[in-house]
Each structure stands twice: as C-alpha cells, then as structure tokens.
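Assemble the complex: chain A is given as a structure, and chains B, C and D must be docked to it using the hints.
What follows is each chain in one-letter form.
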Amino acid sequence: MAFPDSLILSADGTGSHPRFALLRRLLRRPSALCGLVLMAAILAMAVLAHPLYPDDPLDMVAAPFLHPGTDAAFPLGSDMLGRDLAAGIFHGARISLLIGVVAALVSLVIGIGIGALSGYYGGRIDAGLMRLTELFQTIPPFLFSLAIVAILQPSIATITGAIGITAWPGLARLVRAEVLKLRHSELVEASISLGASDARIILLHILPNVLAPIVVSASILVASAILSESSLAFLGLGDPNVVSWGGMVGAGREVIRTDWYVATIPGIAILAAVLALNLLGDGLNDALNRKGQRR
Amino acid sequence: MRTLSRRHFLAASSAIALFIRSDKPVWAEDKPQAGGTLSVILQPEPVTLSPTNNMAQPTQTVAGNIFDGLVYYDFDLKPQPCLATSWDLARDGKTVTFHLRHGVKWHDGKPFTSADVKWSLENIWKTIHPRNKALFENVSAVETPDDFTVVLKFSKPSLPIFSVLNGVGAPILPRHLYEGTDILGSPYNNKPVGTGAFVFKEWKRGEYVLLERNPDYWDSGKPYLDRILFRIIPDPAARAAAVEKGEIQYAPFNAIPLRDVERFSQLPNVKIDRRGYDWISPLLYLDFNVENQYLKHQRVRQALAHAIDRNAMARIVWFGFGKPAISPVPSAVATFHDSTVPQYAFDPKKAEALLDEAGFKRGADGTRFAITHDYLPYGDDYRRTAEFIKQALHKIGVEVTIRSQDTAAFIKRIYGDRDFDLSLSWNSAFPDPQIGVVRAYWSGWLGTQTPWTNGSGYRNAEVDGLIQAAAVEGNPEARVADFKRFQQIVLTELPTLPLLEMQFFSVHAANLRDIVSQGDQTYSTLKNAWFDGKAKG
Amino acid sequence: MRRYLRRSLWQIGIVVLGIATINFFLLHLAPGDAAEVMAGESGAATAEYMAALRQQFGIDQPLYLQFLRYVGHLLTLDLGYSFREGMPVAELMRQRLPATLLLMGSSTALAVSLGCVLGFMAARRAGKIADTVISTLALLFYATPVFWVGVMLVMVFSVALDWLPIGGMTSIEAGYRGWALAGDVARHLVLPAVTLGLFYLAIYTRLVRASMLEVYHLDFVRTARAKGVRPWRIATRHVLRNALLPVVTTLGVQLSSILGGAVLVETVFSWPGLGRLAFEALFHRDLALLLGILFCSSLVVVFVNLAVDLIYTLLDPRIELS
Amino acid sequence: MSLLDVKNLSISFATPRGRLAAVRDLSFSLKAGETLALVGESGCGKSLTALALLGLLEPPAVMEGNGIFLEGRNLLTLDEPTLRSLRGSRIAMIFQEPMTALNPVLTVGEQIMEVITEHEGGGRRAARARAVALMEKVRIPDAERRFAEYPHRLSGGLRQRVMIAMALACSPAVLIADEPTTALDVTIQAQILDLIGTLKRENGTAVLFITHDLGLVGQHADRVMVMYAGRVVEERTAADLFADPLHPYTRGLIAARPGLGGSGRRERLMEIPGTVPGLGAMPVGCAFSPRCAFADDLCRSTVPTSIDQAGGRIACHHSEGIHDREPAIRRIGNS
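Chains as they are written, first to last, in UniProt numbering: chain A, 1 to 295; chain B, 1 to 537; chain C, 1 to 322; chain D, 1 to 335.
Here chain A stands alone, though its shape is the one from the complex (with noise of 0.2 Å):
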C-alpha cells in the first residue's frame, strides 16, 4: 500500500534514536527474531568455548563412538578417535564463524573497492574492472576455490582467503550499480563542485547510502563462505590443526552411514548458522530497505 513514508514515520516513532529504530524493526518479524536468538547462541557458543571446554578440542578424551546421550559426560558424543563432539561444537563455533567473518570481509573489500571504482569512475576503469569481474563470475567460483586451496595446501588461511577471493563479483556488480544510482545525485554533483576528492566523496557520501544492501548481502557472504568451507573439507580439503565445523562433517563422512551423528551434529550447526545469518540477512533487508516494508 503506497502512503508517504514522512506518515508512518511521524506516526511511529517520535524521537526515538535511529538505531533502536532498526532493531525494533528487526525484533518486530518473527523470523529476524529467530534468526537474532540463534545467532546469538552461536555467538555464546563461541565465546564459551575456552571457560566450558578448556582442554584441546582435538584430544581423544572418550571411547571412539560413543553416541550422543549414552554418556552424561559427553552429551553429544564422540567420533571415531574418541574426540568430545561438543567439545568440537563448541570450539567450531570459532573457527566456523572466523573463516565465514574473515572471508566475507575479504570478499566485501574486494567487491566494494571494485564496484565502488567501477561506478564512481565508469568509462574505461568500468569496462576494465567489469571485465575481471566476468572473468571471476564465469570461473565456476567453488571450482576456483577449490584449485586455490589444493594448491597452496589446505589451511585455515588459505580455506578462508580461497573462498573470500571468489565470492566478490556478485557484490561488486551490486554496489557498482548502486553507486551508479547516486553517481549524478545532487549532493555527490554538490560535493564535486566544492572540490572534494574523489576518495572522500566515495567513502563519505556514497558508501554510507549503499550501506544497506551491503549489510544485507555480508550475512549471506558469511553464510555461504561457511557452507563452503563445510564442502571443501567434504572433499577433502579441510585444515586438520584447528576444529571447524567444516572439518567435523568432513572426518565424518566415512562413517555417516554407519555413524550418522558424526557429521550430521556440526552439520546441524552449520544449517543453524547459516540459517541464522539468512535470516537476519532478510530480517535487515526489510528493515533496512524501504520497499521492504511497503507490504
């Protein structure tokens, strides 16, 4: 139902800060509401790991195998070296959400910067910079990463950088547009007028009004770079040193026929986590976005 919005928003909140605004917003949808508890018992999960489980994660503290709820003193469980699942849980959350957080940070700079140059400058710099981002869009992005981590070894680093690096193009077409939207904009043709630099115009008067649409596409980037690494290490390319979810499913897809729990518990995680963060990502989209919340 179109009515101005200048209504709804003198009807809604008189004063209140912006920010308290979108929260409410958010808290206001029952499935951003979902998405926030879940992803705050992930959070919790991360940070309790060291006080809950002080001890290595990877030690074989228990008979191998031993299924969830047969024994109090590892409630989920453990894999086929005798490895706490919870324990692995827990500690997972960590490295989990690091590698999704670190490789959507690398892929928000790289597709910001690009798109951000690439609409701003246009001409020759676009064309350039369109045609690399073609190039990394027409490379089946998961086969890239793949190659990427086979070949400069599995590890943490390069899982997290491998992944970062091959999920920019979409972004970047987003945000190349959006800045194209506001490229001719008044206060943008106002700034260059009073000679600001190019640099200041983008980061203050551009990014801030694209903020929207990036915060919404980092909760999927961070949840697409965790299901990923969850595939690579079911191929095989996991970092075996540090406990990921990823990992987990991986060591236990041998045995998920005979063991379904080894992988199918850190694979419930990573479907939480992933839902958690889609979920947010949708709740943000509505609140942050205008159209959204016409309906």
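Fair warning: there could be bad hints in the mix.
Over the 12 Å line for every Cβ pair with chain C, so calculated as not near, a few chain D residues [to be verified]: (1) Asp5; (2) Phe28; (3) Glu41; (4) Phe69; (5) Leu76; (6) Arg124; (7) Arg125; (8) Glu144; (9) Thr187; (10) Gln191; (11) Asp222; (12) Asp308; (13) Gly311.
Quick list of the computed label-pair ranges, beta carbon to beta carbon [what the hints assert, rightly or not]: (14) C:Ala174 <-> B:Ser265: 26 to 32 Å; (15) A:Asp55 <-> B:Asp30: 54 to 60 Å; (16) B:Pro187 <-> C:Leu26: 28 to 34 Å; (17) C:Ala160 <-> B:Asp347: 45 to 51 Å; (18) B:Thr448 <-> C:Leu101: 43 to 49 Å.
Note that these hints are calculated values from the structure, not bench results.
By construction, the Cβ of each residue, glycine as well, lies at the ideal position given by its N, Cα and C atoms.
Okay, now just chains B, C and D, sitting in the frame of chain A:
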C-alpha cells in the same frame, strides 16, 4: 581407553580369522558354475591399463586379469606355473631358463612366443618399469633358442627376480603391437591386449572398465565369469552402500570405510577376506627427516617412537586392520623378518626421559619443540593417523602441525624439496626386501628426487654395503643374514619408524566363490571366481 | 544485433583468454607436476622414468614456451592431449559433457520450474501459513550442505527403501538399449538432480517470491486491479511475467556456480561428469585437461549469458540489444 | 438519480499505536454526466479516497462508513468477486503516471483487450476489434499498428489515451480520474481533459476528477470539493466556488493559483504559510487552524462541522463572516 585391552584386539582379530577359515572347507567341494557379471569397485580410477609403466593399484588390479605372467604366487608366495610351465636356475645363479606354455594366444589372435618375453624384458623391465629396472639390471643377455624357451644370462646372481615374475610384476606385452612405437604413449596402454583370462572391452572414463571372458583362454573351462565390470565410485560412503545393496559384489583394497567393515561382518550377504595381499605386504611407516635440528638426534627419534601407542593406533584409527610393526621387513615376509630387533614399546615416561636426556626439556608452556607432519593424502585413514600422532606427541611436549596437501605436492615436498619433519606413508614390502624395503634406506637414492625411496635422508655406509651385497648374493642363507643385520641397524638408528603391518581386506558377496585363490590374488586374475546358485547377470 | 554479437564475441575472447592465463599460471604455482603424481600413485619410480614422463608430457620445457604453445593451440580450438588419461582432452570432455549437461540441465530445470511455482505460491499467500512453510523449507534447503543432503537421500531412497540406484549413470551390466536405457538413466538421474536442484530451488523460490512481492507494489498491478482483472490472472500475467526477469538474470550468473556444486554431487553419486573430472584433473596436475574443462565451462557460461540476454529481450520489450 | 453515493466514508491506517485517520467523514454524490472535482494538496487523502471507491485499499489502510452506493449497490457490503466484476466495468479509473501504470511487458492492445475479456468474455478476435475501435475513439492515430506496441514506445499523451481507452472499455457508470494530466505537458493536458469531457457527454458517465490543480477545475468540473487533511472543507458548484470561495483554505488556494489554466508544476501552494500536518500530529481543533489567518480559540479547540451554505457545504467556524476579513486574505495572497 588408552590403557586398552590388547585382549579385545586379539579377540576381534581372531574372530575374523576364524570366520575366514570357516568358509573354505564348506565350499571347497562345490563345483564351480559358469556365467554372470561380476561388479568390482575400482578406486581410484586408473591412469592407464598397462601394467608396464604404472605400479598403481587400480591399474594392476585390472591388468592382472588381462595379462598373465610367467608365474603366479601361491599363499606361501612360491612361484607357480602360469605362462611358464617350468624353469631352471643354474648352480651359479647366473642363468635362468623359462619353458613357455604352448598354444597361448594374444587377445588379437596372434601366438604368444619367447620373442614377446625377450622384447618385454629388454624394452620394459630393464628400462621403463619403475620397480624392475634395478632388479633386472644385471641381465647381460636374453636368448630365445626356440619359440617356447627363454634363457636369461646374469652378470651377477639376482635372486629377487623370482619374487616379481607374475603378470603385473614383470608384465609381458605383445611385441607385435608395441615394437618400434613409443611405449609410454601407445594407444594399447588404454585398450590393452594380453594373454589373460579376460579380454578388454571398454573403458568409459569416470564410469567403468569392462572386461569380457576370453573364450580362447589356455586354462580350459576358465574363467567362469562372463564379464567383469570395474566400477568407479569416488565416495567411500557410496561404495559401502553399493556393496551392501549388492550392486557391487567385490571390493578389494579397503575400498569401503573401515568402520563399515565391522557392520558388514554381521551381514549374511557380504563376506570379508583379508587374504590375497600377501604378495604386496603393505607397511605403514613414519619417516623422520634426519636433517632436522631435533630429529637428527637418535634419542629424539627413539623418544617419539616410544610416545606412539601403535596398538591403540591399529585398534582405533585402523579399526583393527593392521598390527604394530616392529621391522620394515614385515612378519609376513617370514624368511627375512627379524623378530629380535630393538623394539619401542609405548612408554611416554621413557619418551620424556629420552627427550630430557637429549637436552630438549619442556619450556614454560610445556612444549619442548615444534615440528611439522606431512601425511600421505590417500584418504581419511592416513589423516586420522596423523591426527593420532599429533595428539600422542602433544602428550610428551612435542607440538605437531599437520600439513595437508595433494599427492603431487606431498611427493615434491618429501622427495624433492625435502621440506618436512615427519612424514607418514606406506609402501609394499613385497616378498623380498630387495624389492620394497631397502629403497627407503639406501643412500644411493638421495639427491635423485625419486619418490618412495629414501625419505628420511638416512646415510649409513654399513647399511649401504649390506644392501648392495644382498642384491648380488647367490646364497640365500647369506642374503637372509645380510638382511637381518640390516634390520638390527636401521631399527637402532631409527631413521624410519615402522608403524603398522597394514592388513588390507576385500569385501565380497557371499555367493561369490573362490574370489581369493592366490597369494598375489588382488593383483592377479579372477579366473577362478564364480557365482554360486542364482548367478547375477 | 550484429554489433551486439560482435562485441559479445570480442568480450568472450578476452574473458576466455584471461581464464586460460589465470589458470595456467595458477596451476604452475602448484607444487609438484603430473609426473610426480603418476610416480606417486604408482608406488615406485626412477629418475629416468620421471624424466621420460616429463618429456612425454612436454612439461620439461620452459614455462613461457608451454604457455605460448597452449594459447596457440587454443586459438586453433585444439584443447590438447591429456597424457595422464592417454587421450585428447576434447575426446575426454566429449565423453563426460553429456552427463554434466544432463545433470546441470535437469537440476536447473527442476530448480527453476519448481522454484517459480513455490515462489509464486508463497508470494500470493505472503504472510500466510503456506508462505511460512515454503519460505522455511526454502531456507532449510539453502542452509543444508549439499553433500549431506545427497548422502541422506542415498540412505533413504537407495539403501533403506531400495527405490533408486546408489550412483552411477547407467546399469552397465544390464546392457539396456533405446528407451530402456533412457529410463535407466532417468532413474539414476533422480537423486543427483534433486540433490543439486534443491539448493538452487531454494534460491529461485526466494528470488521469485521476493521479486513478485516487489512487482505487486508497482503501479501497473494497481491498474490491473482497477481494471477488475481476476487475482489469478494478475498474478500470472502481470506480476509473474515481470518477476521472471531477475530469475533469468540469476540463471545466467548461477550457471557457473552450479558446475562447482556438481563436483560435490558427482562425488556423492559417482556421476561421470565434468565437475568430478576437473576435480581429479586438479589433483593429478593434468593441466591440459583442467584448462580444457575450465575453458569450455567458461565458454558455456558466456554463451548461456548471451542466450540470457536474448531471452531478456523477448521477456522485456524495453531492453534492446545494442 | 445519483450513480455514486458516498456516505460518511472514513479511511484510517492501523498502526501499532492505534488508528490514524486519513480521510474523515466524507460524503458526496455524483450524478450521471456530472464531473465532480476533488481538490487538495498531496497527502490530503484524495488518492486514498479514489482507491477506497474501487475497493482497492490494502492493509494497513481500512475504511468504514455508512455506505458507498454505486448504482444503488453498497460496495461496502459486497464480496471481493462481485467488487472485482464491478471494477473496470461499472467504475473505472485513470491513473496519474501512464508510464508506470501500464504493464511494460504487455502490448497496449493486450492491456485494453484484457478489460473486455475479463468482464464480458467473448472471443479474442471480437475483443481485439473492440480494443482497436476504442483506441480510435480516444483518437490514437494509426490504432491498428499501435495495438501491438509496448507502452515504452508511446509518448506520454498516447499512453494516457490508452489508459482512458482501458477505463472506458466497458462503458463504466463512474470514471475516476486521479491526476490524469499531471505527468503530461500543458498542450497535451488540455487535449486529454477535453477528450474525457467529450466521452463523458457521449456516454453519460459520471466523473470524479481528482487534482491538486484548481486551474483545471474551473473549465472541466461541474462541482468542486476541496479537501484538507482528510476532510472536505468546502463543496460548491464550480462557478460559485471561483466567484466566491468561502473557506479560508479555498480562498488561499485560489489566491495562490498562478493564473487560470495552471501550469501543472509540482511546487504546490507554497504561498500558504506552514505545511499540511502529519497524520499523527493533527491539531485538536480545525486542521487548518495553524495556517489560518482567521483562526481563533474556537478554531483551535473545536472541529467545525460541515454546514449547508451558499448552495454548497462549508466546514468553517467563520465562513459566514469571511467577507469582513477580506484584507487578511489579500495579505496572504500577496505574501
């Protein structure tokens, strides 16, 4: 659980042993039935189907059905007649005469003669065959007095050759198809023409290799199977599912996850067999890079050996499919195995004491020193072994960083760049230490960057001397003595820690009979196998 | 139109050359070469043997020569020879391409068609139970690791229920021909296509739903309502048709990612496709083969995007090729 | 007899903080062949009113009232399928932006045809012929060829003619034209309005003409309703209203008008000081009081009721004495 029960382990293995023995007498009287298609797991997909230039297991498993050898090996690893009906060894050990079978034809109809053997020896065994080159080095002349006699003249006695004369160990190629061509690049490497019980039909990449019954096979009445279908199934869980469901009736070489085997041993329609791997005698070992600043100390290497509970490793990581190895010459190679070598029982206290003695005391954070570990990227079992070792060494204050990589990178790192500290690998010992064992210790390999040779960087003049002497020793007893001395030295100095004598296994359908009838079965022909009752097909 | 095509072909040329360059040098960064892999797998090797292999593979030559030769061959559409597999790359790919196209085609068809239907239903009932159910399911499909879904489907439909085969593309031993063969392949195709399709189904469902909701707010929908057009007809003729535009765009973008997903699915289901071949080529350092696959997949992607552009002009009369 | 009778219509938005009234207590009737103009600033509720008459309000907007009688049937009591069957056939609407109001991926011909096939069924061929005839009737040149054009290929004026053709396809009793010419330039504007007028006369259609531009109203409307902040403040015949506006707001509007004919510019009525209050910030008394030069305590405390006066209805406490305060108005007009 680390205090474990050796009892459990023994009980488990003897139970499986019992069950293996129990099936033979019952079936021995049955008369083989002809017909049926046997589906076999082939993992991974072979590179080529020619056994001449690739020693990889999938190639050999397929090629063993297409190519017959001069001999095959029985369960005692004694050579038995195949294409050679008999052979004579001269007293000085320098002349060997093979009498060939009459009436054998290549799959394209051409007769098989002594010229094929002579050509193969000169152009393959002595030149491009990666393993045989050293063994046949001393062949000075090959004579073919007639179509069915081959005489080998040696400059020095070369007894080890009698351990590699089967179809894949010393492959005989059809001279008329290969002569004068680029052997490595020949199209027949991918559509092989042999003399064996099965004829190559089709190789669909990524899917299957299909062999059909050779109707003109010299061993009349055999083979019993109409076709063998080698299927390529990359995912281990899928392989297990296919075997369980009966889509696959034969899965050699640990093709299904070890964990599934336990369960499969309870299933009525599936049987597990550990025989047929005797010829290759696989051994899992840990190379110490003796040039490393810590590992160059013998005491450190011994300490690490004491820190690793190989019983637990066999039981947990390898699900009982393997037993602790005390020597690089496996106990199965009984003639040469020395059971009196120094042993390194699991004893963390002793390990810590040795490290203290060596001057590597625990630091403030409990760590003595940090090293890396590269494991052979052949599957989860190896990775888990590496993880097991990491945790074991962590307990004595040695921090290990595991490095993963693919095969190419692994080989380059270990044998090329020598940029490693610990390295986990396996190799085949074969019935004669000369073939599979000594390569890991002979300093002559150093600097050649040759894979699967001396990984540790070990150099010992006496060991080198023993190895070279045994190679040309005509007296079998003297060879045994050489190898026993060799074992004593390398197990004291410990450049390489033997971990496990691996026990490979095959899984097959219960109604598939005589799937294992030779000591080199898994690299040889399935001509004796048959389906009982309602055969598939 | 002709200008558009010429420009597209020019761009394709640049992109493809870029891919060849990136891949070539990236793969040469990798430690170890094809000879080492073969030596490694064979469990024995001598230096002479490796040298012979290297010479045969042509990897004993300087890097720039190898590169120039590769590019030279590419220009004549010669993809080279895979020494490891012992056959020309083009022939290898010809053997594997149908399986991949079948898998990608059927899973994409499934994802797009069902995704449109589900997204349509969800959008028409936005905020109602049906919408919640569909949206939740879509999110679950999206969030579940693909390979896990695959393995679980095998467990249920192949092992437990025994309805469908575990893997592979045909029952080779049965020796089917003609329609029987097609039926057999179809049976083998179900699980892999569903596994791969579910993830993309989720994407398209969400996309169509969001896109339709957006279109529902546009003025011309209000016009259609004011005209008294029936809701069903508004949804199909006015809203869906416009909402499909982003779907078509996404289709073009997603095509290359689906090949990545194919690696996982082909692994789980022993599907003899290009994804798996690429994966193995990578580990075997089979440069010619890997480059060939990437080259062709990028060609396919580029041409599909060309097709997408054309379809776009059909769907949206405002867009004209220029 | 009146074709459309609206009785005490109110429209409000349901928000988490309660209802916010957007249109209050609107009543009017519309006779055959009559043009009633609804005039007001943007946001005053006129477009909402139009949608309400078509039954197209969507949550959170809700309406209530004593009835909207279209040819005697109360739209408020009809179910959606019946309402749908009336929309487009008995009551039709022309929208403001013909570019966005037309579906970009369908040809204009198809969009006109759709009205006919949806309401009257019949064969496609017959519908097509009628659509072409309609296009000719709204004076689209070369109608046969234009039938297959997409909206973006047509000029703004042609697009609006297409809209009119669509609206008139089933000869509706009531036609709502919501700012039909705002997006067009001045010469086209007059043509379109003349066309609407002609068609109205030919078919006896009642027209509700919604605009913010008083300039157009004088020539094209019989009666005028002036709306401010959701309420009708003055309803008169066009002639009376322009001759002698009685509500201070109307007077302000007329005084601020940049000459007859209007320019269609979007800067609206900047000459009246202050702005239209937001829905959540309505003054207690007369909504116009903060901007009104005559406002006193009564105005600021009590909402004026609508009373019959001077042949129309006016809602102002001081409308009867308005002439005494003339100088004040002039002052506003000149400022």
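Here is what the structure says about each hint:
Asp5 of chain D, annotated as away from the interface, keeps every beta carbon of chain C farther than 12 Å; the closest lies near 20 Å. Taking the minimum C-beta to C-beta distance to chain C, about 20 Å, the non-interface status of Phe28 of chain D holds against the 12 Å cut. With a cut of 12 Å on Cβ distances, Glu41 of chain D stays outside the contact zone with chain C, its closest approach being about 21 Å. The non-interface label for Phe69 of chain D is consistent with chain C: the shortest C-beta to C-beta separation is roughly 18 Å, beyond 12 Å.
The claim that Leu76 of chain D lies off the interface holds: its Cβ sits roughly 18 Å from the closest Cβ of chain C, which is beyond the 12 Å cut-off. Against chain C, the non-interface label of Arg124 of chain D holds: every CB pair exceeds 12 Å, the least being about 14 Å. No Cβ of chain C approaches the Cβ of Arg125 of chain D within 12 Å, the least distance being about 19 Å, so the stated non-interface status holds. Remark: the non-interface label on Glu144 of chain D is consistent with the geometry, its nearest Cβ contact in chain C lying 19 Å away (cut-off 12 Å).
Consistency note on Thr187 of chain D: stated as away from chain C, and its beta-carbon is indeed over 12 Å from all of that chain's, at 24 Å minimum. Taking the minimum C-beta to C-beta distance to chain C, about 21 Å, the non-interface status of Gln191 of chain D holds against the 12 Å cut. A cut-off of 12 Å between C-beta atoms confirms that Asp222 of chain D is not in contact with chain C; the least separation is 24 Å. With a minimum CB-CB distance of about 33 Å to chain C, Asp308 of chain D clears the 12 Å threshold, and the non-interface call stands.
The beta carbon of Gly311 of chain D sits about 33 Å from the closest Cβ of chain C, which is more than 12 Å, so the claim that it is off the interface holds. At about 30 Å, the beta-carbon gap between Ala174 of chain C and Ser265 of chain B stays in the expected band of 26 to 32 Å. Separated by about 57 Å at the C-beta atoms, Asp55 of chain A and Asp30 of chain B satisfy the suggested range of 54 to 60 Å. For the hinted restraint 28 to 34 Å between Pro187 of chain B and Leu26 of chain C, the CB-CB distance of approximately 32 Å keeps it satisfied.
Checked against the hint of 45 to 51 Å, the C-beta distance between Ala160 of chain C and Asp347 of chain B comes to roughly 47 Å, which is consistent with it. For Thr448 of chain B paired with Leu101 of chain C, a C-beta distance near 46 Å keeps the hint of 43 to 49 Å intact.
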